[in-house]
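2 protein chains.
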Amino acid sequence: VNLILLDPGEVDFSGNVILSDSRAAHVTTVLAVAPGDKIRVGLLDGPLGTALVQSILDGVVSLRCRFEAAVPPPPPVDLLLALPRPKVMRRLWPQIAALGVRRVILTNASLVERHYFDTHWLEPQTYLPLLREGLQQAKDTRLPQVSIHKRLKVLLEDELDTMVEDGMRLLAEPSGGASIHTVLKASRAQRALIAVGPEGGWNAFERDLFTAHGFETINLGGRTLRSDTACVALLAVVHETLSRGTPL
Amino acid sequence: VNLILLDPGEVDFSGNVILSDSRAAHVTTVLAVAPGDKIRVGLLDGPLGTALVQSILDGVVSLRCRFEAAVPPPPPVDLLLALPRPKVMRRLWPQIAALGVRRVILTNASLVERHYFDTHWLEPQTYLPLLREGLQQAKDTRLPQVSIHKRLKVLLEDELDTMVEDGMRLLAEPSGGASIHTVLKASRAQRALIAVGPEGGWNAFERDLFTAHGFETINLGGRTLRSDTACVALLAVVHETLSRGTPL
Numbered sequence: 001v002n003l004i005l006l007d008p009g010e011v012d013f014s015g016n017v018i019l020s021d022s023r024a025a026h027v028t029t030v031l032a033v034a035p036g037d038k039i040r041v042g043l044l045d046g047p048l049g050t051a052l053v054q055s056i057l058d059g060v061v062s063l064r065c066r067f068e069a070a071v072p073p074p075p076p077v078d079l080l081l082a083l084p085r086p087k088v089m090r091r092l093w094p095q096i097a098a099l100g101v102r103r104v105i106l107t108n109a110s111l112v113e114r115h116y117f118d119t120h121w122l123e124p125q126t127y128l129p130l131l132r133e134g135l136q137q138a139k140d141t142r143l144p145q146v147s148i149h150k151r152l153k154v155l156l157e158d159e160l161d162t163m164v165e166d167g168m169r170l171l172a173e174p175s176g177g178a179s180i181h182t183v184l185k186a187s188r189a190q191r192a193l194i195a196v197g198p199e200g201g202w203n204a205f206e207r208d209l210f211t212a213h214g215f216e217t218i219n220l221g222g223r224t225l226r227s228d229t230a231c232v233a234l235l236a237v238v239h240e241t242l243s244r245g246t247p248l
Numbered sequence: 001v002n003l004i005l006l007d008p009g010e011v012d013f014s015g016n017v018i019l020s021d022s023r024a025a026h027v028t029t030v031l032a033v034a035p036g037d038k039i040r041v042g043l044l045d046g047p048l049g050t051a052l053v054q055s056i057l058d059g060v061v062s063l064r065c066r067f068e069a070a071v072p073p074p075p076p077v078d079l080l081l082a083l084p085r086p087k088v089m090r091r092l093w094p095q096i097a098a099l100g101v102r103r104v105i106l107t108n109a110s111l112v113e114r115h116y117f118d119t120h121w122l123e124p125q126t127y128l129p130l131l132r133e134g135l136q137q138a139k140d141t142r143l144p145q146v147s148i149h150k151r152l153k154v155l156l157e158d159e160l161d162t163m164v165e166d167g168m169r170l171l172a173e174p175s176g177g178a179s180i181h182t183v184l185k186a187s188r189a190q191r192a193l194i195a196v197g198p199e200g201g202w203n204a205f206e207r208d209l210f211t212a213h214g215f216e217t218i219n220l221g222g223r224t225l226r227s228d229t230a231c232v233a234l235l236a237v238v239h240e241t242l243s244r245g246t247p248l
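Taken in sequence, the protein lines are chains A and B.
Take the first sequence: its letter number 233 is residue 233 in this note's numbering, and every next letter is one higher.
Take the second sequence: its letter number 91 is residue 91 in this note's numbering, and every next letter is one higher.
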């Protein structure tokens, strides 16, 4: 953990916070700080800052925070993901938040098994702590917004335009299509939505739906990757390409 | 599995192979092929090809293979990795092979705990099946060459030059340094060796050693990532950057 994430309701007007949960344990045992030390903090969906440790008593940590004026911008990347197996989804949550994603849009596909939607890894009380873990790792405060869509057609036809208004839409395929660099540079887009399919890929009907809704096919160089590896790899390359700005 | 990987010793001069292990089970149950069907095969460190299923009897699969003339080139990327926790190393093996790495150079560092070297995930009989799993996923035949070095100083001073002769040397840091794109494009390198540190980073002595041995510092945009996420993200970006060729 490289940052202690605080909820807005926990901090009073003077910047005082009292921690007594697992964050307090982390501060005292892992960070091993003493009164007078400073630690890095962040306000969920708000600014980063530093906190002065005022006291540590019986596992209760008292902090006084100073926050920066500016709030980090939301990440310039959205992820549309065919719901993977529960074990893979569990592994992905913290990595998605650490890499930086504004919206996580989980969807059905012909090769997604129905029972994947029944996992407790799709319940906010189980995935929110994993997303927060990723933010604390990456020193970010911007919590990804998560939505779950059981019908891909309805998602693409009726819902997606209101959720993701701007930026380039990319459909990742193991082969075919251009490189991420080529497509993003040609579009001069500042943001991207990247769609990642199930292990066996999208079917022809699904692919046509994506194309009809403005997605351009891209690939990562012809290697077929497991969906968790593919997500991390694609998010990294999209971030890296967008961060270089738009000169062609 | 998108490819069945065969060992050179298993294939006779006419291209015949008899499978009776887990690959036979995969061919009959997951791929669900019948005699007359074709499947994708590859010869370890040799060419890709296709195989005609000749017979399936009591779980024994008989194949006749035809291989392509050319052998896939080794991946243009080497990885030098401070040994992570055993659980993380286990997760990384198949992903490293799937993303494509020529050499995996595992090393000690001040923040690597001694007992990490005792794990069975560093024994060839446990990691080779995981590397093969990654190759079969990504349809590659080039097995990464693995070596383990308990002294970083000896590795950098005496061993590395004979192991990795060519290409750009990159040291990944959470912040500081240039982007991978900038460094690789300026160098016009065709290959890269990327060094990834332990969760807490390299210390100042280690960083100086890398710099003295030709490594240039790069970062992935300021987010601190877990070492497995960092490895996958860095390998993906290095591959993507190298694959775009050398025009500046």
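Because the hints were derived from the structure by calculation, they are not lab data.
Don't take every hint at face value.
Derived DSS-like pairs: lysine-lysine, alpha-carbon spacing no greater than 25 Å straight-line [claimed, not checked]:
(1) K185/B / K139/A
(2) K38/A / K87/A
(3) K150/B / K87/A
(4) K185/B / K185/A
(5) K38/B / K139/B
(6) K87/B / K87/A
(7) K150/A / K38/A
(8) K150/B / K87/B
Here is how each hint holds up against the structure:
1. Restraint check: the Cα-Cα separation between K185/B and K139/A comes to about 29 Å, which exceeds 25 Å; the hinted pair is violated.
2. Distance restraint check for K38/A and K87/A: the Cα-Cα separation of roughly 37 Å exceeds the 25 Å cut-off, and the hinted pair is therefore not satisfied.
3. As the CA atoms of K150/B and K87/A are separated by approximately 33 Å, the hinted pair breaks the 25 Å bound.
4. In summary, the hint linking K185/B to K185/A is supported, as the alpha carbons are separated by about 16 Å, within the 25 Å threshold.
5. Straight-line distance between C-alpha atoms of K38/B and K139/B comes to about 15 Å, which keeps the hinted pair within the 25 Å bound.
6. Simply put, K87/B and K87/A have alpha-carbon atoms about 15 Å apart, close enough for the 25 Å limit, and the pair holds.
7. Taking the CA atoms of K150/A and K38/A, the gap is about 46 Å. The hint is violated against a cut of 25 Å.
8. Among the hinted pairs, K150/B with K87/B is consistent with the structure: their alpha-carbon atoms are about 19 Å apart, no more than 25 Å.
Going down the numbered hints, you'll see the structure goes against 1, 2, 3 and 7, while the others check out.
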